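Quick mapping for you: the protein sequence lines, in order, are chains A and B. For the first sequence, the residue numbers in my numbering are 1 to 725. For the second sequence, the residue numbers in my numbering are 726 to 1091.
Don't read these hints as lab results, they were simulated from the structure. Any given hint might turn out to be false.
[Said to hold, decoys possible] One-sided excerpt, in silico: chain A residues whose CB lies under 8 Å from chain B:
{"id": "1", "residue": "Arg-183"}
{"id": "2", "residue": "Glu-263"}
{"id": "3", "residue": "Ser-502"}
{"id": "4", "residue": "Glu-620"}
{"id": "5", "residue": "Ala-622"}
{"id": "6", "residue": "His-623"}
{"id": "7", "residue": "Asp-624"}
{"id": "8", "residue": "Thr-631"}
{"id": "9", "residue": "Pro-639"}
{"id": "10", "residue": "Pro-643"}
This structure is a prediction, so every number in the text was calculated from the model and none was measured. Just so it is clear, CB atoms sit at the ideal spot from N, CA and C, and this is done for glycine as well.
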Amino acid sequence: MVFIAADLWIYSSLMGSFTAFVEEKNHDEVTLFVQTAPEEKGEYAQWLKGIEGIIPGSAAVYLDYRDHEFVPTVGMTAATDALWREAGGSAAFRQALESSYYLETTKLRDRYQVRYDLAGGARTKVDIYFVPVIADNGYEALGTVMVLVPSTGILGFARLLRIFAIGAAIVFVAILWAVMLTRDPVTSFMVLGLMTIVLVFVAYPLIEALRLSFMKDGRFSLETWKLGLSPTYIVALWGSLKLGVATATASTIIGFMIAFLVERTAFKRKRLVSVLATMPVISPPFSLSLSIILLFGNNGLITTQLLKMKAFSIYGLGGLTVVQTISMFPIAFLTISGVLKQIDSTVEDASLDLSATRWQTFRSITLPLATPGILSAWMLVFTNSLADFANPQLLAGSLRVLSTEAYMIVTGRTNDLGGGAMLSFLLLLPTLTAFMVQRFWVARKSFVTVTGKPSTTLADLTSKRVRTFLAVVTYLVIGFIMLLYLTIVVGAFVKNWGIDYSFTLANWKAVSDSWNAIKSTVLLALIAAPTAGLLSMIAAMLIVRKNFPGKRILEVLMMTPYAIPGTLVGISYIIAFNKPPLMLVGTAAIIVINYVIRELPVGLENGITALHQIDPSIEEAAHDLGADVPTVFRTIVLPLVRPAFISSMSYTFVRAMTAVSAIIFLISAKWYHLTVKILSYSENIRFGLASVLCTVLIIIVLGVFGLMQLLVKDEKLTRKSIALR
Amino acid sequence: MEKKSVSVTLNNVTKIFKDPKGKADVLAVDDANFVVEPGELVTLLGPSGCGKTTTLRMIGGFELPTSGKVYIGGDDVTMLPPNRRDTATMFQSYGLFPHMSVFDNVAYGLRLRKIEPEAIRKQVDEYLELVGLAGYGERAPGRLSGGQQQRVALARSLIVTPSVLLLDEPLSNLDALLREQMRVEIKRIQRSLGITAVYVTHDRVEAMSLSDRVIVMKDGKIRQIGSPDEIYEKPDSRFVAGFVGKAAFFPVAIGERNEGVWECMLGDRPVHARSAAPDIVRNSRGVLMARPESLRLVDKGEGHLDGRVRMNVYLGHSLESYIQTAFGEVLVQVDDPNARTIRKEGEEVSIEFPPDRVRLLGEREE
Ligand SMILES: Nc1ncnc2c1ncn2[C@@H]1O[C@H](COP(=O)(O)OP(=O)(O)OP(=O)(O)O)[C@@H](O)[C@H]1O
Ligand SMILES: [Mg+2]
């Protein structure tokens, strides 16, 4: 209470002194201005205009003193005219004019609303000053100048001050709550901290983005959304959906075949296939696009040089589907193999015993049991395909999709942030729907864990022919992936792809050219990784072990970024953080925050799963022996959830290194990202340079990823986490 | 090791677990009041879900009472977290730190107190010795038997010399023999250190054999507090009587009270019984409670309730006679049967109710 009173008092006195300061300053400026009045009345019009240069947004009118009356003569506009007609006869004006007659400068006590636009400024409230113009003799008023000074300057500052005052009050109440009303201030502070983080960096930018999409020229308007639902952009929505359906379907089929081969047959090289098939997950999102262009593009090695095809174009729905499928089928593979692994073979055995054929068994037992997994896989790939920005940016050709349209409308000539926000919200609709369906419907319907006991023998449902077929498909896919990676590496050493294939090291100057970008990319990823890892483990501990008001809200807000396309995150961040009170655009902080916020959900899920497997009395015992909450976290929780912690860190690192869709909006000259460099090299057909940087990026990622995996045996978890976003 | 013993007091403590959906709130502990005297070992006894663990966790600081106050040694500790209370808890599942050796487990509390490594080593060895685990320091807890893990947990709790030891069914994971050993062990250590202890169990034998006093709980409410023999011999309610031992119940009409003894009518015969039950009203109906070993068999017509021997079960040190009566089958335990006349199966007999050994209880409930 005392604090709030103090807060109010500080606020009002600050406010008062600031207002007084500004008014005094304006008063002086106005007085000085009038002293510069020219000799000739003919020059008055020009002179009066000069007030705008002194106090922005203000206007001045000269009232001549004739026949015992002040009459406006120079500088009238629609706005001042209306004001004069309305208020000119009022007591306040009369009194002020009388003072002018006695050579006194007056400021009217009340503020007046100006109906029409002042010169340049919007309609606003104004302070009105009357400053007499004194004749040469020094004791006679020639006339008076009425100066209208908009009070917005003061209002803007007042708004800021109010925000700070309210903020301070909230902070105080929160601290009070934490210290006095709860038993465990440390936990309360952690909860408050997390709550603040998600409110400021998840809720606030999204709300700002949504708000902006309903604004035009500072007013509420549906125009942006009308534009979004116009044929121009409906085409792009369709494009996104077509691409999503195609990619999801192709990925699910390939993913299922490989998963079936690995999990349900007597196939030998399971581990090798699992590792190679998930490679695309940890490489930059468009490295595959790059090599596809190198091989099949307009000057592609295979299409143009080897096959001499003229009319072929890889750009468009077809090529894009191929690239997205190759980069996203691992998601389907991991999801489906997780489900297939858990199907108890004894069920299949039972069916075979009942003399069902293998095909019948597959169709009536295995497939239905795997269906929820297959649907999940489809939805996940669909979501990812829609959110993908990098591949369409390189390969879409004439196909229009929402993620790149949003980027273009934002970076384009009109710089239309609201439009970008609107388009990414449009994109959010199908993504969110798929996400919800996957989470709450498909996941519920899974009835896979039949016994939970892994069975020792597998009922092999496949004939030799089927197995061979599956193996061939698998090797073809893996071979293709290898070819694509090889192409990038080769591309790094080739003089001029498509024209001159001689060996060169010249491309490697890209490394020194981009040295700063490489450094900042790695640095920021290295900062983000432990931050996200720690935060997610702390959050998991709070959510699993503690009870506090608003727990559900916190959990939902923390999970939200998982379902949101990166484009929307990026756009909402530049909308929200390019203005006070949080001016973050252009700093390294916003990039790190963006990584952390976007990768928290996966770490959180890993942490929650890990904690659920740990007996709470272990932590309670430590607490009981005298450890406070942070000590319990450090000495007990963190070591016990180490696999989840490290995999969240490596996951965040990989994702941060290969990020592009959100980051492309947030980078600055100082804090650049390697992927954006690669993207721009590719767009400018500097494939050699792009290949070099791509190779470097892959090496860094693989190196650090491998290093982190040495710390924890649970590599699967990480790959899975990365894939399953 | 010596430390001043302290008391534990619960004043009107109530705990309601709020259902997140606000529908099914659980009243886990309902207005609990008791005092555990310094150095005393008190058990909380009751059926599953009656709120024993919750009560214990409120003393340990793991749960915050919805209302009421908890005092340890006269200080109000209601708002203090576990790490700032002078209590140590032994959890049912032990809660050993799986990523630390036995030594590090036991040393954990001392390390938090910033004691020099040398002193820690000495003390840990001493306590491992105390619980009979000398030489096990380097083992991982996962590679110990249940009983050994249990002792590590005990050593880990005791080494920080808590004023109050809280035990939540510490023996429930052990086999019968080990359980008996550990029971004696715990009691011995508790006595020698003079620690105030609260012990949760649903095993009446454990409660009886271990405690100075027993608190019987049901559905979140404390039903009776007393020494083991008081609880057994002088229960206040049918629930307590039935929960702590075998008992037979007979409906009676309550008459007048005479020098602390109630005159009742069992059928058409007068019986006398004492009572401390709060709900006994003159000239109403009540229930007579009798333990099998307190009943005596006499000749037909001489006792308070006639019947016929249906079956005899010979157990060596005693004999169980099942008597068919107008109120159903009644178990009578005859001690040292070899020194007595034995009523044959089929014989007409009568059961006698010694006034000091049977209890009159209120008629309501169960
Ligand atoms: N964290 C909790 N949230 C909701 N209800 C709870 C919680 N802990 C306990 N309860 C409920 O409170 C009641 C008392 O639980 P408590 O654990 O104290 O019983 P108990 O006497 O220890 O039982 P047991 O002998 O089975 O251990 C039960 O109905 C239980 O379901
Ligand atoms: Mg319990």
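Here is how each hint holds up against the structure:
1. Interface hint at Arg-183(A): satisfied, since its Cβ lies 5 Å from the closest Cβ of chain B, which is below the 8 Å cut-off.
2. Given hint, Glu-263(A) at the interface with chain B, is violated; its Cβ is 30 Å from that chain's nearest Cβ, farther than 8 Å.
3. The beta carbon of Ser-502(A) comes no nearer than 58 Å to any beta carbon in chain B, farther than 8 Å, and the hint placing it at the interface is violated.
4. The closest approach between the C-beta of Glu-620(A) and any C-beta of chain B is roughly 6 Å, which is under the 8 Å cut-off, so the hint is satisfied.
5. This hint holds: Ala-622(A) has a C-beta 7 Å from the nearest C-beta of chain B, less than the 8 Å allowed.
6. Evaluation of the His-623(A) hint against chain B yields a held restraint, the C-beta minimum of about 5 Å falling below 8 Å.
7. A cut of 8 Å between beta carbons decides the hint on Asp-624(A): the least distance to chain B is about 5 Å, and the hint holds.
8. A least Cβ separation of about 7 Å between Thr-631(A) and chain B falls short of the 8 Å threshold, and the interface hint therefore holds.
9. Of the supplied interface hints, the one on Pro-639(A) holds, with its beta-carbon coming within about 5 Å of a beta-carbon of chain B, less than 8 Å.
10. Here the hint on Pro-643(A) is broken, as its CB sits about 12 Å from the closest CB of chain B, past 8 Å.
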